[in-house]
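K.L.:
In case you want the letters, here they are:
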Amino acid sequence: MSFINYSSREINCKIVYYGPGLCGKTTNLQYIYAKTNPEAKGKMISLETETERTLFFDFLPLSLGEIRGFKTRFHLYTVPGQVFYDASRKLILKGVDGVVFVADSQVERLDANIESLENLRENLEEQGYDLDKLPYVVQYNKRDLPTAVDAGYLREALNPTNVPDFEAVATTGMGVFDTLKAVAKQVLIELKRGR
Amino acid sequence: MNSQLVLFEEEQKKIVQICDALHRDACAKAVFLVNRDGQMLANSGQTVQMDTTSLASLTAGNIAATGGLAQLLGEKEFAIQFHEGERDNIHISLVGQRVILVIIFDERSSLGLVRLRVRRASNELVKVLEQINAKAAQNPGHTVFDEISDEDIDNLFG
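Going down the list, the protein sequences come from chains A and B.
FYI, the numbering for the first sequence is 1 to 195, going by my numbering.
FYI, the numbering for the second sequence is 1001 to 1158, going by my numbering.
Careful, some of the hints might be misleading.
These stretches of chain B come out as covered by chain A in the derived footprint (C-beta under 8 Å, 3 or more residues) [claimed, not checked]: (1) 1030 to 1041; (2) 1097 to 1109.
To list a few chain B residues with every Cβ distance to chain A over 10 Å, as calculated [unchecked claim]: (3) K1013; (4) D1020; (5) C1027; (6) Q1049; (7) I1080; (8) Q1081; (9) G1085; (10) E1086; (11) R1087; (12) L1116; (13) R1119; (14) N1123; (15) K1127; (16) A1137; (17) T1143; (18) V1144.
Worth flagging that the hints you see were computed from the coordinates, not collected in a lab.
Computed from a prediction, not measured in an experiment: that's the story for all the values here.
Just so you know, even glycine gets a beta-carbon here, dropped at the ideal spot from N, CA and C.
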């Protein structure tokens, strides 16, 4: 749920990175955090297990500049990707303004991608959202790995509605900011349009 | 789906006044008002040394997780939480199902006093929340975005 504060002249929005376990959601946020000026970001919080798997969420507050004197602030969240954390994923989707689906390009993770995408759609529907009406982009991550499937094939399987999509290698940063900018822009356009 | 929250100067002032009064009357270190999505609406007291953005986000996550637990048990909500530390304590309560009131206090106050003052402040906050809702209903869809062009958005992203 976006929040507009006329007193502090701020527009606040929530973006959620979704996807199967180990697809690189946290790595996306870590790269954004590492490459953003200190004045434009807050502290990154990771609620993780002892083995550094996301337990509840990662959180990164980010400023993307001003529009007509209003600061635009984006709160980036990741969900825990492991299947059994579904209850937590539902909670994090509450109040979402835009979604990034991070797919793992490796052939052995194709089924996990499809399952996670179906799970995203179901969990959104449970809260009254329709993925086809939300600001939404897809990222095909891990393009550098030898078992990465052809991007065209992934597009056919994971992006039938032809939303903006990006090839990425989150560990090196390739495609990370393109993905973020695309979803943030869609969120602002959607807010302007008035949901 | 949740509706957008728009906070105008008039209501913001009232909220800050209520938080200031609660901070004083409850002898608290700090008072925060956060929406359920983890965005800070107002704060009062010794907040300079605190990472208020993280505090807001974690509080909302905490309330969301506790709400999930409540549903599992067939409860509508656990409206109040209290965490006791060695020096500081946190009292968290839901107000009007929409916002979260957080009070941080130490040995200069007590749980009883905080609960008493929170009850009064919550009643006042509910009235302001109703005003915010009424304003939103009178002025549906009117926001700063009426003045923002597609070009402004393009310019933000270079």
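K.L.:
Hint by hint, note whether the structure agrees.
P.N.:
Outcome of the hint check:
1. Coverage of the stretch 1030 to 1041 of chain B by chain A holds. Counting CB-CB distances below 8 Å, 6 residues qualify, and the rule asks for three or more.
2. Check result for the stretch 1097 to 1109 of chain B against chain A: violated, 0 residues qualifying (beta carbon to beta carbon below 8 Å, three or more required).
3. Under the 10 Å C-beta cut-off, the non-interface status given to B:K1013 relative to chain A is violated; the minimum distance is some 8 Å.
4. Every beta carbon of chain A lies more than 10 Å from that of B:D1020, the smallest distance being close to 15 Å; the non-interface claim holds.
5. Here B:C1027 stays apart from chain A, with its beta-carbon at least about 27 Å from theirs, past the 10 Å limit.
6. Chain A leaves B:Q1049 outside its interface by the beta-carbon criterion, the shortest separation being 13 Å against a cut-off of 10 Å.
7. B:I1080, annotated as away from the interface, keeps every beta carbon of chain A farther than 10 Å; the closest lies near 19 Å.
8. With a least beta-carbon separation of about 15 Å from chain A, B:Q1081 lies farther than 10 Å from that chain, consistent with its non-interface assignment.
9. Listed as outside the interface, B:G1085 is consistent with that label: its C-beta sits roughly 19 Å from the nearest C-beta of chain A, beyond the 10 Å cut-off.
10. The Cβ of B:E1086 sits about 22 Å from the closest Cβ of chain A, beyond the 10 Å cut-off, so the non-interface label holds.
11. Chain A leaves B:R1087 outside its interface by the beta-carbon criterion, the shortest separation being 21 Å against a cut-off of 10 Å.
12. Distance check on B:L1116: its Cβ is at least 29 Å (rounded) from any Cβ of chain A, clearing the 10 Å threshold; non-interface status holds.
13. Look at B:R1119: its CB is around 26 Å from the nearest CB on chain A, clear of 10 Å, so calling it non-interface holds up.
14. Against the 10 Å criterion, B:N1123 stays outside the reach of chain A, whose nearest CB is about 23 Å from its own CB.
15. Under the 10 Å C-beta cut-off, the non-interface status given to B:K1127 relative to chain A holds; the minimum distance is some 18 Å.
16. At roughly 15 Å from the closest C-beta of chain A, the C-beta of B:A1137 stays outside 10 Å, upholding its exclusion from the interface.
17. Distance to chain A contradicts B:T1143 as a non-interface residue, since its nearest Cβ pair spans about 6 Å, not more than 10 Å.
18. With a least CB separation of 6 Å from chain A, B:V1144 falls inside the 10 Å interface cut-off, contrary to its annotation.
When held up to the earlier numbered hints, the structure conflicts with 2, 3, 17, 18 and fits the remainder.
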